[in-house]
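Just so you know, the protein sequences line up as chains X and F, in that order. Under the numbering used here, think of the first position of the first sequence as 1, with each following residue one higher. Under the numbering used here, think of the first position of the second sequence as 1, with each following residue one higher.
Don't read these hints as lab results, they were simulated from the structure. Since we're looking at a predicted model, the values are computed, not measured. The C-beta atom is built at its ideal place from N, Cα and C for all residues, glycine as well. Take these hints with a grain of salt, some might be off.
Unchecked claim - Using 27 angstroms as the maximum straight-line C-alpha spacing, the simulated DSS-like pairs for lysine-lysine come out as follows:
1) X:K118 <-> X:K171
2) F:K107 <-> F:K80
3) X:K296 <-> F:K296
4) F:K62 <-> X:K332
5) F:K332 <-> X:K62
6) F:K118 <-> F:K222
7) F:K162 <-> F:K118
8) X:K308 <-> X:K339
9) F:K80 <-> F:K108
Claimed, not checked - Away from chain F, derived, C-beta distances all over 12 angstroms, residues of chain X:
10) L48
11) K118
12) Q120
13) L350
As the list claims (entries may be wrong) - Output of the computed footprint for chain X on chain F, the stretches with three or more beta carbons under 8 angstroms from beta carbons of chain X:
14) 12 to 20
15) 23 to 37
16) 272 to 286
17) 305 to 312
18) 326 to 332
Number of protein chains: 2
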Amino acid sequence: MSFPRVGVIGAGQLARMMAVPANDLGIDFKVFAAIPNDSAAQVSHFVLGDYTNVDSVLEFAKSCDVLTFEHELVPQSVIKAVEAAGIKVYPRSQSFTYSQDKLEMRKKIAELNLPNPKWQKYQGEGCEIGFPLIAKLPSGGYDGRGVFQIDSEAQLQELHTKAGTLLLEEKLNFDYEISVMVARSPHDQAATWPATLTIQSDGICTSTVTPVPEISDALANKVQAAALEIASGISLVGVMAVEMFILGENFYINELALRPHNSGHWSIEGSETSQFEQHLRAILDLPLGSTALRTKFTVMGNVLGGEKSDMYRPYLHLMARAPNLKFHQYGKEVKPGRKIGHVTMCGENLLQLQQEVAHAVDYMNGVIDE
Amino acid sequence: MSFPRVGVIGAGQLARMMAVPANDLGIDFKVFAAIPNDSAAQVSHFVLGDYTNVDSVLEFAKSCDVLTFEHELVPQSVIKAVEAAGIKVYPRSQSFTYSQDKLEMRKKIAELNLPNPKWQKYQGEGCEIGFPLIAKLPSGGYDGRGVFQIDSEAQLQELHTKAGTLLLEEKLNFDYEISVMVARSPHDQAATWPATLTIQSDGICTSTVTPVPEISDALANKVQAAALEIASGISLVGVMAVEMFILGENFYINELALRPHNSGHWSIEGSETSQFEQHLRAILDLPLGSTALRTKFTVMGNVLGGEKSDMYRPYLHLMARAPNLKFHQYGKEVKPGRKIGHVTMCGENLLQLQQEVAHAVDYMNGVIDE
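Could you build all of it, start to finish, from the sequences and the hints given here?
Now the structure itself:
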């Protein structure tokens, strides 16, 4: 019997949700967790260790046929050490660069002739972009961390003194933000899903709508084509989120995340193949699954920790109110602002879906109580 | 935090598939397995033990808020002991009787004024049903085991001598067989899914189609209403399959199975709420989920063990051929005729779905090689 062994560095909710299609496909699946109570460790086989420790990761990797990871914090040196040991690890270190280093990402997008916002590397002088502008730490940031709005030269200097080299970008007055999920296999097969509208609050995604409502067919095709070009251009293996700004009929690449992504959670219910199954198919070099939509619209809402600590009791009200609302708990302790789960609803009436998802999220975290 | 602890007696594929919605809902889920390599034990927390041993089951039950089971072999005495200890166990022992004892089931269906085939209890004399007839062991049989076609008085006597009391039933010349899945909660909420066509070979279900094609609306409604009446009549808590024979516009109750059932596997992809999630909602007395169809037709095919022992390699061909085919492996060793997995496909073109599912099943078990 030849079911492959897949190991995931990291044991958060992404690995937890990847365990489901792994089990369905019969894949021998385990996660490299920090503690036994990590989200994914609660529901799958796990090995404990520190992902920054090359020796521990190597030992784990040697018990796997393919290794992958679910967050951007794994050091390049660790991924390279696994590659050097001859073990398959996807995405590859050279691809992962574009997820970890935003300056390299901007260069690559320019090289691919795809639309960047105006940008520059900033090392203390020669700012060529008008204020207000966006300054980013080249690496280490996510969910709005490491991203700053800068209104003046003085603010810029202050940040530079503290943080060193920066990526500066023009602040686009965009109409909305989208994400295009794309998957690619070593065999060069690639597939995208229709683009997702991502609605942010304080830099954190709060909800998504798939497909993007009222996007023109031409633009919808262009953004999917762009995601495919990037996937090929960076030799992606696995799934990736390409986050973009939309301004009229134009799009601008915002960020790349080389992993299953919050903006792809809708695909568990909304697509014939979820991003988690697709990631497994891609890294195992299996034929990719259909990315067709199962429904006209899918709305996803993130449940962020609030005042309520009990996430079970809300089921009584919410399940009675909306029998087609789907819940995904991450098994995490409730902390204010922390992503502890998400809910999804599929259907035809977008306004109703958005109202129900917003109600559910607010009810779960205690913003409303009826 | 008040997420309940659910324990399942048995660790086969039904418990394995129940683990998915349990994790999504944040339920603390574990299975009572015979060996660590049991299907469900591979993918969830487990306790090892013997389900016929009252003390072991009681100890397991005491670590759970609600207990359930995934097969008919758990002795009534064990379930009653758990009830006597004040621990919630669903389905209840008095309901479970109708799954374990086919004579009691026939009496109950008659009492509910629902259509039985002609039947009688047989203890060695007074056979009132014409040959050929069907003789069943009142308990212990499933997947065609314990069911015999009897063509003569001599055969009947021979079986009776070996097996004791029998349930005799007329051999109906039915048009086709269906199953209606139904769920009911302690709160008295109940829900059915549209009926499923079940296609059998040698007494084993090989594939299903949901909804039943070409059934009249009137009959489709009647069989769902009958399933709801039975659920209420036996005080069901959990999900149940009501298997029926269809002859023209008439239906006859064939069997009851008080658990998630092979004929409900289609619901994982095909319905807004799968039978596994619904079973959990029901036994936890949560509001039941929507049983709406996600697609026009869902076809499920059982993968039975054949000559091939490698169930991974077929993915290369099958995934390339049918990108919307969904696989469910049970993690079981391949043995001839054993159910080791199933595949599901959703869509509009029933003929194409049936052809693809049949091809996949035959390719996986080695009947065809291209």
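Against the structure, the hints come out as follows:
no.	hint	verdict
1	X:K118 <-> X:K171	holds, 9 angstroms
2	F:K107 <-> F:K80	holds, 22 angstroms
3	X:K296 <-> F:K296	holds, 14 angstroms
4	F:K62 <-> X:K332	holds, 25 angstroms
5	F:K332 <-> X:K62	holds, 25 angstroms
6	F:K118 <-> F:K222	holds, 20 angstroms
7	F:K162 <-> F:K118	holds, 23 angstroms
8	X:K308 <-> X:K339	holds, 13 angstroms
9	F:K80 <-> F:K108	holds, 20 angstroms
10	L48	holds, 17 angstroms
11	K118	holds, 40 angstroms
12	Q120	holds, 43 angstroms
13	L350	holds, 17 angstroms
14	12 to 20	holds (count 3)
15	23 to 37	holds (count 4)
16	272 to 286	holds (count 4)
17	305 to 312	holds (count 4)
18	326 to 332	holds (count 5)
In this structure, every one of the numbered hints holds.
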